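*Asks:* Taken in sequence, the protein lines are chains A and B. Just so we're aligned, residue 12 is where the first sequence starts under this note's numbering, counting upward by one. Just so we're aligned, residue 558 is where the second sequence starts under this note's numbering, counting upward by one.
Be aware that one or more of the hints could be misleading.
[Said to hold, decoys possible] Heads up, simulated BS3-like pairs for lysine-lysine below, C-alpha to C-alpha not over 25 Å straight-line:
no., chain 1, residue 1, chain 2, residue 2
1, B, 793, B, 1003
2, B, 633, A, 315
3, A, 306, B, 695
4, B, 1027, B, 858
5, B, 1061, B, 1027
6, B, 567, A, 319
7, A, 315, B, 961
8, A, 319, B, 626
9, A, 253, B, 695
10, B, 567, B, 633
11, A, 306, B, 869
12, B, 716, B, 682
13, B, 824, B, 1061
[Unchecked claim] Per label pair, the in silico range of CB-to-CB distance:
no., chain 1, residue 1, chain 2, residue 2, range
14, A, 178, B, 825, 26 to 34 Å
15, B, 701, A, 178, 25 to 33 Å
16, A, 178, B, 892, 55 to 63 Å
17, B, 887, A, 25, 57 to 65 Å
18, B, 825, A, 290, 31 to 39 Å
19, B, 820, A, 275, 57 to 65 Å
20, A, 275, B, 886, 49 to 57 Å
21, A, 290, B, 670, 43 to 51 Å
22, B, 869, A, 23, 48 to 56 Å
23, A, 178, B, 686, 23 to 31 Å
24, A, 152, B, 825, 42 to 50 Å
25, B, 736, A, 257, 45 to 53 Å
In short, the hints are calculated from the structure, not lab data. All of these numbers come straight from a predicted model, not from anything done at the bench. Here a beta-carbon is modelled for each residue, glycine too, at the ideal position from N, C-alpha and C.
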Amino acid sequence: MENFMMTTVITWLTMSIRMATPLLFASLGGMLSQKAGIYNFGLEGMMLCGAYFGYYGSYKTGNPWIGLLLGMLSGALLGLLLAFTSIKLRVSQLVIGLGIGILGLGLTSFLFRLIGISDTVPAATLFKKIDFGALKEIPFIGAVLFTHDWMVYFAWALVILTALFLYRTTQGLNFRAVGENPQAADTAGVNVILYRYLAVIVSGVLASLGGAYLSLTQTSYFTENLTAGRGWIAISAIILGKYNPWGVLLASLLFGAADAAQMQIQVMSLGIPYQFLLMIPYILAMVAMAGVVGKVRSPAAMGKPYIKH
Amino acid sequence: MPDQVYLTFKNIRKSFPGVIALDDVSLDIHRGEIHALLGENGAGKSTLMNVLCGLYHQDSGEIYFEGEKYEHNTPKNAIAHGIGMIHQHFMLIPNFTVLENIMLGQTSPKPPSLEKEYFRREILKVADKFGITVDLDKLVEEISVGMMQKIEILKALYKGAELLILDEPTSVLTPQESQELFKMLTDLNQKGTTIIFISHKLNEVMQISERISVLRDGKLVATVNKKDTNQHELSKLMVGREVIGKYDKGESKCGQEVLRIEDLALKDHHNLHRNLLHNISFRVCEGEIVGIAGVDENGQKELAEIISGLRKPTSGRITMFDKDVTQATTRQLIEMGMSYIPADRRNQGLVMDFSLAENTILETHYQKPFTNGISLQKNAIAKFATELVHEYDVRTPSINVPVKNLSGGNQQKVIIGREFSKKTLFLLVMQPTWGLDVGAIEYVHKKLLEARANGITILLISTDLEEVRKLSDRILVMYEGEIVGQADSETSIEEIGLMMAGSKKQAVSL
Chain A
12 MENFMMTTVI TWLTMSIRMA TPLLFASLGG MLSQKAGIYN FGLEGMMLCG
62 AYFGYYGSYK TGNPWIGLLL GMLSGALLGL LLAFTSIKLR VSQLVIGLGI
112 GILGLGLTSF LFRLIGISDT VPAATLFKKI DFGALKEIPF IGAVLFTHDW
162 MVYFAWALVI LTALFLYRTT QGLNFRAVGE NPQAADTAGV NVILYRYLAV
212 IVSGVLASLG GAYLSLTQTS YFTENLTAGR GWIAISAIIL GKYNPWGVLL
262 ASLLFGAADA AQMQIQVMSL GIPYQFLLMI PYILAMVAMA GVVGKVRSPA
312 AMGKPYIKH
Chain B
558 MPDQVYLTFK NIRKSFPGVI ALDDVSLDIH RGEIHALLGE NGAGKSTLMN
608 VLCGLYHQDS GEIYFEGEKY EHNTPKNAIA HGIGMIHQHF MLIPNFTVLE
658 NIMLGQTSPK PPSLEKEYFR REILKVADKF GITVDLDKLV EEISVGMMQK
708 IEILKALYKG AELLILDEPT SVLTPQESQE LFKMLTDLNQ KGTTIIFISH
758 KLNEVMQISE RISVLRDGKL VATVNKKDTN QHELSKLMVG REVIGKYDKG
808 ESKCGQEVLR IEDLALKDHH NLHRNLLHNI SFRVCEGEIV GIAGVDENGQ
858 KELAEIISGL RKPTSGRITM FDKDVTQATT RQLIEMGMSY IPADRRNQGL
908 VMDFSLAENT ILETHYQKPF TNGISLQKNA IAKFATELVH EYDVRTPSIN
958 VPVKNLSGGN QQKVIIGREF SKKTLFLLVM QPTWGLDVGA IEYVHKKLLE
1008 ARANGITILL ISTDLEEVRK LSDRILVMYE GEIVGQADSE TSIEEIGLMM
1058 AGSKKQAVSL
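Please build the complete structure, drawing on both the sequences and the hints.
*Replies:* Right, here's the structure in full:
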C-alpha cells in the first residue's frame, strides 16, 4: 500500500512538471509582453499555432526541430501582428488579443482538416527524453526531476535567463521602465517602440513554444483545441506570479499540479464525474484572480498605447 | 560670460489639430543666465521646450546651439547636447529606486550588466559636487514631492546637463520648498548652469530670473530685463490687458451654522493602518467663504467626496442645516440645497460626450419640467440650456455640441451655470480655476463672490494659495489628512506655508 502511495506521488509530481511546462512558456512570454506595457490576450491562439505547426513540420519532415522552428515562426508572426496593431495602429489590446486567440483556434482547426482526416491521425516524430544515466536512479528525485525531455529544462533555464535579464541588465531596466512610464523612458533616451515590438514578438515565440511542447513531446498528434484553454490559464499564472519570473514558475507549477491531480483522480476512478475534476485548474485560476495572492502591482502603463507627437 | 548667445530659436512654428501652439517664435538664450518663460496656460511655453527636448517636432523653424544648427531633435540627442528638462509631471517611475531612475537609459561600463555600484559612485560624485543630498535606495513612491524634484534635477545634472529647463516647478511645492528650490537654482547657476524657468507666476519670475520672455497665444510678446520691468508691466504683457489684483469683497455677514464636521476620519481602503483623513472638525456659517488650503494630495479630494456624499467616512459626523447627513446620499444632499463643483471637471463635473444641453440637467433630469415622468422634455431642456448659455456667457456654436468641444473656461461656465441655477444654499467647490486663463479665472471668482453676497455658504478647496487668500473669509490648512491650522487673509504667506508643509501645527477645533 505504501509502495502504491509512493508511486502515485511520484507520478503526480512528474506529471505536474510536464503539465506546468506549456504554461510556463506561455506565461513567461505573456509576462514579458505585459512588463513592456502590452497585454497579450492572444496567448491561447499563439500556443495553438505553435502546437499545430510544430506537429505539421515534424510530421512532414520527420524532424521535430523543423516542426519546432515552424511553430516558433508562427508565434513570431502572430506576435508581430499583435505588436503592429496595438503599437502602431493602437487598436484595443483586448480586442486584438482576443481576436488572435480565436483566430488561432479557427486557423489550426481548419488547417488540420485540410491535411486530410483518415481513420488514423498521422503521428509526428517526438523529441526524445534526455538520458541522465545514473541521476535517474536517485530514489524519488531521479524519477521526478530527471525523466523529462530538453524542453522542460529549457523552460527552467528561461526562468533564470528572464530574471537575469530583467533585474541585472541595463536593457532589462529599460524594458521594465517602458512598461511603467514610457514617457520617462523615452526622455531618458530609451527606444520605447522598439522595446515594445521585441517584447511582443518574443512573447509570441515563447507562447508558441508552449504549444509546440504539447504536440512535440506529449501527444505527437494535433487535435482541435489541443491546448484546451492553457493560454488563458497562463494569463492568470502571470498575475498569480506577480509579474516576476520566479513567481510565474511557481504559479505554473501550481496550475500544472492541479492539472496533473485532475488527470490522476480520473485514472483512479473514485466515482467523481470527470467534468468536475476538469474544472480544478480553472477554479484555481479564478481564485487566484480574485486576489487571494494579495495586492498585485501590474506595470503602470500596461494596456496604454504610447503616443508620441 | 553672460551675453554670449548659447541657444537660438528661429521662427519656430508648431500646430496641433485645431490650434497653433507656436507662431513664429524667435528667441535667444544666453550662456549662464536664468531666463524665465512667462505666459498663461496654453501660451506655448511648454510646447517650445518640448520641441527643444525632442518630445515634439516643430513644423518649421530652426534651433541653433552656439551658432551651429541643431537638427534631429530627439530626446537622446537633447541629452547629448547638455539639455536637461524637468517636466511638470515628473518623469520618474514610482516603484523604481532613486538609483534606478537616475541610471535609466545610461550605458553600462560593462554591458549588458547593470553595474549598480558603479552608477551609485558616479551619481554620488555629481551630487556632492552640486551639494545635493539624496538617499539613492529609497523607492520614488516613498519620497516627498520636493525630493522628487531634486532627483529630477540631479538626474539631469548627472547626464551632463549644462542647460536646465524647469516647467512650472513650483506648482507642486509649498512656499518653503519653492524657496529651497530657488536657492538651489541660484547655486547651480553660479556653478555655470544655464537655466530656463517656465512659469505663470509673476513673483517667482521676478525673484529668480535675469531676463524674462513673455509668450501669449503662441507668440513671443517681449523679452525684457528684470531690472527694467515690474510685476504690473509683466502681467499686462502676459494677459494683454489690465488685471485685477485684489477683490473688494466686503465684510462677511456670518449667520447661522450651515455645515458642521465633527471628528471625521477616513481609513485607506487598501491599507487600514493608513489614515487618509484624521481628526477633522470645523464648521462653516451662512454667507461666508471658508477656504481650505494645502498642497495637492493631502486629503482634500477625500474630504470633498465625503461632504458631497460620494464616499462614506470611517467615523465622524456631518451635520448640514442641523440635520445629520453622515449617511445621506448625494441626491438627498442636492435636494437639501448642496451644490458641488468638483476639481476634475472632465471626469466628475461633466459627461464629455453628452451635449451641452444634456450636461445642464445632469442633476435635475428627473424633475419637472425636464421630464414628465417617462420621457425627457426636449423643449424644456433646450429652453433652460439656452437661457444658461446666455446668462453665463458660454461661448458655444450651439447647445447641442458635445461639451468636450468647448474650452476649459466655457466648460467651467456650464458647470457654474448649472449649479447656480438650482436652489443652492451650500456650495462645495474644489479647484474652480484649475487650467483656466486669467479672464476665466476672474469670471469664476466674481461669480463666487456674488454667490457669497447673496447669502450662499461656500467651502472652497484649492491648492492655489493666492486664490484661497483672495476669496476666503477664513482659511483652514490641510496637511496629511488633518486640519493643521487656521488663518485669514491677513495671515502671511510664510506662515500659511509653514502650515502647508506640516512644520507648524495648531489645534483647530469647532
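*Asks:* Take the hints in turn and mark each one as holding or not.
*Replies:* Results for each hint:
no., hint, verdict
1, B:793 x B:1003, "holds (20 Å)"
2, B:633 x A:315, "holds (23 Å)"
3, A:306 x B:695, "holds (21 Å)"
4, B:1027 x B:858, "holds (21 Å)"
5, B:1061 x B:1027, "holds (22 Å)"
6, B:567 x A:319, "holds (23 Å)"
7, A:315 x B:961, "holds (21 Å)"
8, A:319 x B:626, "holds (24 Å)"
9, A:253 x B:695, "holds (21 Å)"
10, B:567 x B:633, "holds (22 Å)"
11, A:306 x B:869, "holds (23 Å)"
12, B:716 x B:682, "holds (12 Å)"
13, B:824 x B:1061, "holds (24 Å)"
14, A:178 x B:825: 26 to 34 Å, "holds (29 Å)"
15, B:701 x A:178: 25 to 33 Å, "holds (27 Å)"
16, A:178 x B:892: 55 to 63 Å, "holds (56 Å)"
17, B:887 x A:25: 57 to 65 Å, "holds (60 Å)"
18, B:825 x A:290: 31 to 39 Å, "holds (36 Å)"
19, B:820 x A:275: 57 to 65 Å, "holds (59 Å)"
20, A:275 x B:886: 49 to 57 Å, "holds (54 Å)"
21, A:290 x B:670: 43 to 51 Å, "holds (46 Å)"
22, B:869 x A:23: 48 to 56 Å, "holds (49 Å)"
23, A:178 x B:686: 23 to 31 Å, "holds (30 Å)"
24, A:152 x B:825: 42 to 50 Å, "holds (47 Å)"
25, B:736 x A:257: 45 to 53 Å, "holds (47 Å)"
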